[in-house]
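Student: Spelled out from the first residue to the last, the chains are:
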Amino acid sequence: MSENVNKTLTVTIDGIECICEKGEYIFDVAKRNGIYIPTLCRHDAFDNHRACCRICIVELKQRGRTKIVTSCVYPIDGECEIFTQSDKIREERAVLYALLAHRAPDAPGLGQMGTALNVNGVDRLVTIDNEKCILCGLCVQACSSLGTGAISTVNRGVDKKVSTPFDKPSVFCVGCLSCANVCPTNAIEYVETETTRTIWNREFELQFCDECGTLMGTRESVAFAAADVELESPIVCDECRKKKLANEMMITYRFV
Amino acid sequence: MTDSEQISKITEIIEAYPKDQRFALAAMQDMQHAFNYIPEEGIAALSEYLACAQSQLYSMATFYKALSLTPKGEHIIKICNGTACHLRGSMNLVTELKRDLGIEPGETSEDGKFSIELVNCLGSCALAPVMLVDGVYHNKLRVDQVPGIIEKYANAGAEGGEQA
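Sequence order for the protein chains is D and L. Using this note's numbering, the first residue of the first sequence is number 1, and each one after it goes up by one. Using this note's numbering, the first residue of the second sequence is number 1, and each one after it goes up by one.
In isolation and in its complexed conformation, chain D is listed as follows:
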């Protein structure tokens, strides 16, 4: 019986006592208590995190031992002390930033951070010009969790990149921009004109609300979302649909 009951634990994060349940991730507990841990590849939209950028590392002191763990996927399993800004963590995090910034010099924010941190020894590594991607794979996770699965990581090692199969325009892509929106470094490029959107080498026609003319997304993405809940593709935006429904209700219940 007692094993099934989630025991609450008290852990100390940067000197602040936090109450949490066994199995909760350090990052989540810290966030709930207003303690900031920097991260790139963690996104609230997903339950399972990538633990790929390693920026969210923290120092964990438990049973007299200290170790460095990635806070986004480390479940708290007992009383412990956690330090998010110790000297060691600052140093290691600086190296990680510098490495990522060196790979992706054009990633917004990362580049400046890399040079500002003044980490030695990174210069001997090859840098990729105009690169923004840090290969965290959030975009791939977003695409596959949507059910489109148009992009994936291809090749391995130094040739690894995110792309559609055979680098061709994907028939499965709906142009919803989920991949571009979750990207921590804005690495996924797309072009939008007044009536079209081009992403992953494919051009999509944009759909506007029949009533008010707001942008609803690409035709494919609107149809895809509707098909997901087994509805016909809508021609008006959410706001207008609600307004219409409210008006109908008003007429129906006019006398109430």
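Please keep in mind that the hints were generated in silico from the structure rather than gathered at the bench. Treat the hints with care, as some may be off.
Claimed, not checked - Reference listing, derived: stretches of chain D covered by chain L, where coverage requires no fewer than 3 residues with Cβ under 8 Å from a Cβ of chain L: (1) 149-160; (2) 181-187.
Said to hold, decoys possible - Simulated restraints, written as ranges between beta carbons of each label pair: (3) L:C121 to D:R124: 50 to 60 Å; (4) L:D20 to D:K161: 42 to 52 Å; (5) D:S86 to L:N139: 47 to 57 Å; (6) L:N139 to D:A45: 48 to 58 Å; (7) L:G106 to D:Q112: 43 to 53 Å; (8) L:T83 to D:I128: 21 to 31 Å; (9) D:R241 to L:H33: 33 to 43 Å; (10) D:T12 to L:G106: 28 to 38 Å.
Backbone N, C-alpha and C fix where the C-beta goes; we use that ideal spot for every residue, glycine too.
Position chain L against the provided structure of chain D, taking the given hints into account.
Tutor: Chain L alone, transformed into the frame defined by chain D:
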């Protein structure tokens, strides 16, 4: 092989496996074996059969070195470039092969006969340098032996080469 033959062969390979995503790699290995590469149609058919994304299979196919998306040659030459072989001059073998066949590692000769691959260790360091042609080991190889071996395979034709 005609298109319809290829499609029926793909179907045969795929349907030998239960509809479960864990068989994706096995099915792709079979395709690689049957065609010397994985055709685009193969990936499309497999993704439909296993109900998984094409991008996922493409990701796997590009990840594993044993799988190729471009047609490989009839005879696959693997040159070991592990530490022992490297020190005993495996790169000289690569240069010699380039002279004979005109292709670099990772490429396939124009007549579709040979592909050269560099591999990291074949586990026969005592026999270094090692060259593997269609699974047959050629050990303690000297550069001047290479043209003879290549000629043997070039003349043997598809059936002869496989038995060699």
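Student: Against this structure, judge whether each hint is valid.
Tutor: Evaluated hints:
Closer than 8 Å: that is the beta-carbon criterion, and the segment 149-160 of chain D has 8 residues meeting it against chain L, so the requirement of 3 holds. A stretch counts as covered by a chain when three or more of its residues have a beta carbon under 8 Å from one of that chain; for the segment 181-187 of chain D and chain L the count is 0, and the coverage is violated. At roughly 26 Å, the beta-carbon separation of C121 (chain L) and R124 (chain D) lies outside the given 50 to 60 Å, and the hint is violated. The hinted range of 42 to 52 Å is not satisfied by D20 (chain L) and K161 (chain D), whose Cβ atoms lie roughly 29 Å apart.
Under the hint 47 to 57 Å, the C-beta atoms of S86 (chain D) and N139 (chain L), about 54 Å apart, fit the expected range. In this structure the hint that N139 (chain L) and A45 (chain D) lie 48 to 58 Å apart at CB holds, the actual value being about 55 Å. For the pair G106 (chain L) and Q112 (chain D), the beta carbons lie near 38 Å from each other, so the given range of 43 to 53 Å is not met. Look at T83 (chain L) against I128 (chain D): about 28 Å separates their beta carbons, and that is inside 21 to 31 Å.
At about 54 Å, the CB distance of R241 (chain D) to H33 (chain L) disagrees with the hint of 33 to 43 Å. The beta-carbon spacing between T12 (chain D) and G106 (chain L), approximately 54 Å, falls outside the hinted interval of 28 to 38 Å.
Going down the numbered hints, you'll see the structure goes against 2, 3, 4, 7, 9, 10, while the others check out.
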